[in-house]
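S.K.: Input sequences plus hints: build the corresponding full structure.
Residue numbers (the UniProt record's numbering), protein chains in the order written: chain A, 1 to 289; chain B, 1 to 385; chain C, 1 to 606.
By construction, these hints were calculated from the structure, which means they are not laboratory data. The beta-carbon is built from N, C-alpha and C at its ideal position, and this holds for glycine as well.
Under 10 Å between C-beta atoms, here's a sample of chain B residues computed to sit facing chain C: (1) P95; (2) T96; (3) T99; (4) I105; (5) Q131; (6) A142; (7) G188; (8) T216.
Taking CB as the label site, the calculated pair distances span: (9) C/P491 - A/R276: 39 to 49 Å; (10) C/R464 - A/A179: 42 to 52 Å; (11) A/L74 - C/L144: 54 to 64 Å; (12) C/R469 - A/R276: 35 to 45 Å; (13) B/G77 - C/A269: 31 to 41 Å.
What follows is the residue order along each chain.
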Amino acid sequence: MQVFFQTLIGGLSLGAVYALVAMGFSLVYRTMGLVNFAHGDVVMIGAYVASTFYMSAKLPFALAIVAAIVVTGLIGVIIERVLRPLENKDFDLMLIGTIGFGIVLEAVATLIWGATGRAVPSPVPAAPLDIFGIRVRTYNLVVLAIAALAMVALVLFLQRTKRGAAMQAVAMDYEAATAVGIHVGRSNALSFSIGAGLAALGGGLVGPLLYVNASMGGSLGIKGFAAAILGGFGSIPGAILGGLAIGVLDSFSAGHFQGYSDLVTFLVFTVIIMVRPTGVFGERTVNRA
Amino acid sequence: MHTPRHIRGALIGAAVLTTILATACSAPGKSSTSSSGSGKGPIKIAVVDAQSGQLSSLGHWESNGAKLAVDQWNAKGGINGRKIQLDVFDDQGDPTVGTNLARKIASDGYIAMIGTSESAVTQAMAPILQQEQIPNITSGQADSMVKLGSPFLFLNGPTSTTYDETLAKYVVDTKGIKSIAMITNNGGYGKGEHDAFLASLSKRGVTPLTDQVVTTDQKDFSAALTTIRQKNPQLVFIGSEEVEAGLIVKQARDLGITVPFAGSAPQGTPVFAETAGAANVENTIVSSPYLGNDISDASRTFAAAYKAAYGDDAELHGAKAYDGTSIVLTALKTSNVATGKKLADAIRATKYNGLLGSFAFDSTGVGIFATSIGVISNGKLAAAS
Amino acid sequence: MRYRIGLVALLAVVAWGLPYGLNLYAMHVADVALVFAVLAIGLGLAMGVAGQVNLAQVAFFGVGSYAVAILTTHYGYGFWPAALLSLVATVVIGLLVGTPALRVQSHYLGIVTLGLAVAFTNWVTNAALAGGASGISGIPVPPLGGVDLSSDYLYWYVEVVVFAAALAFGLFVVRTPLGRRMRAMRDDSLAAGAVGAEVPMLRMAAFGLASVYGGLAGVLYAGLIRYVSPDTFSMTNMFLLLAMVIIGGRQSLVGCVVGALALSLLREALSDASTYAQLGYGVVVVLAVVFAPTGLAGLPARLRSGWRKRRGEGASAAVLGPFRPFPAAPQASAPVGPGPLLEVQQISKRFRGLWALREVSLSVGAGEIRGIVGPNGSGKTTLFNVISGLYRPSGGTVRLGGAPVGGRRPYQLSHAGLARTFQNLRLFNNLTVRENVLVAADRSRTRGIWRYAVWQVGVVRRDRALRARADAMLDQFGLSAFADALPRSLPYGIQRRVEIARAMVSGPRLLLLDEPAAGLNGEEVRQLGEIVRSIRDSGVTVVIIEHNMGLVMSLCERITVLASGEVIAEGGPAEVAATPRVIEAYLGDSAMSKDVPPVIATEVAQ
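M.R.: So, in structure tokens, the structure goes:
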């Protein structure tokens with residue numbers, strides 16, 4: 001029983017990170033109909049930038065993350081600008097274009113920060129809580145709380161603000177949105193930079209949990225993407241749910257199947273997707289038929 | 001338009017054909033015999049390791065160690081008046097690239113190779129290097145390489161068996177610890193550690209309380225560590241590279257596991273300590289042939305030279321490559337710059353007293369069969385009393 | 001043609017002579033590059049030709065070489081029997097990996113296949129059978145008479161033979177019915193289904209083909225390197241492979257080969273600066289998708305068209321020929337039993353709580369031209385989509401020639417004699433006009449593709465017959481001059497006509513036309529009327545959705561009026577026009593129009 005709950009806690013902690021990554025995927029998809037395969041690598045850049053400001057420039061952790069959000073937001077704008085000619089045209093090509101960007105970002109990170117990577121000290125020094133023998137790291141609670149806050153803020157932004165509504169209008173009908181005076185390019189750039197900012201938030205927060213290096217984007221990206229799809233691609237609450245689900249699935253398959261955990265995780269994921277392609281909350285997006 | 005072009009193409013084709021027929025009537029590739037080594041000019045030695053990708057930090061340390069040795073020999077006038085030329089090639093951690101490089105160094109007349117710590121790349125290159133008769137001394141430690149049985153393949157350090165036999169001897173025989181939990185990864189290194197440590201334990205009649213296997217890029221170890229915690233071991237053995245070992249220790253301490261950890265060389269490194277957190281690694285038991293730069297006079301001299309050359313602190317991988325390169329150079333000197341099989345025999349015959357200890361190669365290509373035990377106390381790795 | 005033969009001969013001579021000019025290192029690099037070229041052809045077939053985002057190609061590669069390694073070292077098989085078995089194993093795995101493609105497409109398929117590729121490397125890293133992380137060494141040298149294939153020089157010839165056969169077969173597939181259907185499916189899977197292409201089978205065939213090439217490359221790799229380990233089949237190499245295919249030009253197999261060779265050689269040349277090389281190919285991939293989506297293979301065509309433009313050669317001077325009427329069918333030739341040809345009973349369709357169709361019934365007699373009219377959003381196109389199998393109705397039945405066809409897939413309906421056009425033109429944009437028609441002319445079932453493996457002559461013969469039919473149809477519609485043009489380059493009216501020709505070449509019993517006059521000028525509308533009448537006279541029943549009331553009134557014997565998803569009137573033109581509810585519906589158009597909500601329809605249809 002203890003093993004079960006401890007595994008669950010471990011899975012949820014990592015799941016919170018996947019959830020943040022998945023939210024970025026989902027936001028960009030929902031507002032632009034674009035799958036950004038470079039997202040995992042943007043997370044990695046976010047982690048590097050945040051840790052650089054935190055460790056080298058000695059900024060407070062929160063400020064370091066804000067700085068990282070600014071940097072990755074800019075990267076997001078650049079990616080969007082370069083791929084803009086393909087928007088609303090060729091979906092698969094855009095997909096491959098973002099894979100290309102992922103390769104570029106990884107190479108750039110290796111050139112700037114080297115291949116060795118770095119360990120980031122935890123900004124929350126408190127000892128783990130002990131609840132009936134189940135240990136919960138305080139920092140993980142912080143991450144979970146931030147993920148929940150980010151979700152609420154994002155949902156409110158999309159539903160309650162004019163700009164958020166405009167962003168979704170663009171996704172639903174690109175031409176109609178243009179016709180009613182929405183600047184499509186600006187709207188897309190904004191959603192892309194918010195998505196990239198979320199990546200930096202996830203990356204910054206994951207630093208102290210794991211170890212920052214240039215290749216960390218790969219597995220975070222794949223798992224985060226899987227999480228977004230599992231929850232229902234484009235759905236923000238779905239991203240949170242999917243993230244936590246993938247985290248927990250990962251932890252339990254590691255517990256039960258040891259070295260074979262990736263095999264089991266992805267087989268289960270494949271089966272779920274085949275049974276219910278639109279995920280738990282259903283796909284929220286454009287009609288591209 | 002089409003016909004003239006067609007004719008022109010055919011003419012060119014015919015011309016190429018006749019040239020080829022005129023120049024070469026035998027099967028291709030038979031005529032080229034490598035004329036490496038003999039004669040004048042510099043003695044060419046290749047370093048092949050990962051200069052890019054995830055393992056590139058190891059690669060940099062290794063090439064630095066090798067370069068330092070060569071520079072010192074060149075400063076003393078080289079071998080038989082000939083300079084030694086050391087060139088570094090990047091295998092990118094990819095076995096296929098490794099085979100390309102094996103062919104390349106054979107074609108370009110390198111007579112010996114200093115190899116990578118990545119055993120998959122070494123194993124991919126081994127058949128070609130054997131075919132081309134190029135002796136190579138690598139930084140890997142997996143027992144599977146020894147099983148290849150190539151007379152041209154040497155290791156510049158002990159195998160996993162040696163690391164873990166020493167460790168088991170200290171832990172079980174000296175300290176009397178019998179309740180031990182294991183956590184290893186399924187990568188090449190972790191698998192080797194797993195098998196070797198398990199064998200050493202069972203030789204002593206000890207069965208691990210639990211034997212957890214994780215993947216190389218796993219991030220959360222809650223399940224494995226909670227199982228370990230429930231078994232209440234006196235010691236946890238980790239078979240994993242620096243970063244993952246550090247993450248395991250960090251999460252284990254958070255989960256309330258307070259007993260010491262034990263493992264091989266990776267746990268003696270700064271990367272491990274930084275990832276885990278300095279306080280968490282206290283009392284970690286490390287089996288390593290090179291416990292640190294302050295262990296002996298030789299290591300102090302080496303560390304000083306290394307620092308002077310690269311501005312960095314020396315560590316195990318650099319020391320291993322330094323030793324390995326020195327062995328090759330010594331063998332070249334004693335054999336009067338022999339190549340191929342003769343050079344391999346010369347290496348096998350070389351007795352060398354290096355940073356890692358005394359090398360004397362056996363028929364399998366392993367030259368050193370001892371490691372030392374160190375314990376981390378007050379944040380420093382020191383030899384166990 | 002002769003020029004091509006000359007080129008091939010030249011390449012053959014170069015391939016034969018190459019080993020004489022290379023040192024051992026260069027030879028080995030060339031050997032490895034050729035293995036990747038075979039692998040890239042497979043990825044090109046799946047991604048570029050069939051449009052399946054397959055990120056598991058590197059795993060197929062791995063299955064092929066691991067199977068050889070395991071069979072030879074563990075079970076003592078000879079190299080060649082092991083190679084044969086490993087091909088079988090790879091195809092089995094390929095089909096398994098492909099099954100998700102039946103349910104999901106595009107990025108969903110991408111992540112699933114990528115995940116399965118990760119699962120594969122995870123398995124070989126763990127399994128004792130596969131040697132774990134340290135892999136399997138000691139794979140025997142492939143025996144071949146007295147030839148010593150441990151020599152990279154001689155091994156090159158084996159590779160060249162396999163590669164040439166593989167490329168030739170790939171090109172053969174692309175240019176014959178199977179490949180044409182795959183390309184059609186890539187361009188528009190809905191329309192491909194509607195003209196009779198079995199989309200699910202084709203997707204599986206695409207994965208099957210990709211895995212054959214993956215297996216071949218794997219066998220060649222195992223024989224060349226004689227060692228396998230999980231590191232070779234990493235994601236890094238998958239993305240490298242992807243870059244090869246994209247840079248070379250995914251829609252052209254030759255392009256894939258060029259990309260694979262170029263990137264392999266470049267990677268080797270830049271091996272001392274591999275991080276920069278990685279940066280470089282990443283940038284080139286991005287630039288390629290934005291500026292040259294057809295890759296290197298598309299460059300000659302782009303340059304040519306750019307050159308033409310600069311010389312002021314505008315669009316081709318081809319002109320639309322006159323439509324030649326079909327021979328009128330002798331009376332009652334249509335193979336219809338008693339009763340109406342199309343019978344729709346109580347059909348309902350609901351989208352997320354909104355009724356797009358509510359208990360719609362209508363029956364169309366054989367040889368009739370039936371008009372369906374109604375305000376925007378009244379459910380006309382939804383009705384067509386239900387009849388043609390794109391939507392599954394929420395209730396009710398559809399009978400075609402007396403047989404119930406509810407729940408059948410579009411391709412099955414096409415084979416049952418139903419053809420349709422689409423409101424927003426769904427031509428296959430990267431296929432020529434002739435190929436568009438050829439896809440629909442092909443009435444065979446996909447299971448006939450076994451011929452590709454054993455009886456290629458039969459494929460060629462059948463293709464020739466199809467071409468004759470397609471050309472006859474193009475000629476009938478006066479489209480011969482545009483046979484080799486891409487649809488997008490043609491005026492709208494001609495595209496409409498191509499779509500009708502494409503529908504007619506399948507020899508339907510029932511033809512559904514969805515707003516065929518939209519966007520046509522007066523003369524074109526008149527020609528359209530003539531075409532539709534001739535089609536009917538040839539024995540085909542026609543149902544037509546149209547807003548052009550003049551056309552509907554003059555063409556149709558009977559008209560059904562839909563409003564808000566319900567039939568509000570049916571009868572002769574005059575009769576319907578006088579019905580009060582119809583007048584009300586049309587006058588109240590703007591008030592009553594409720595657009596059908598957006599639906600995730602792409603895949604529902606499959």
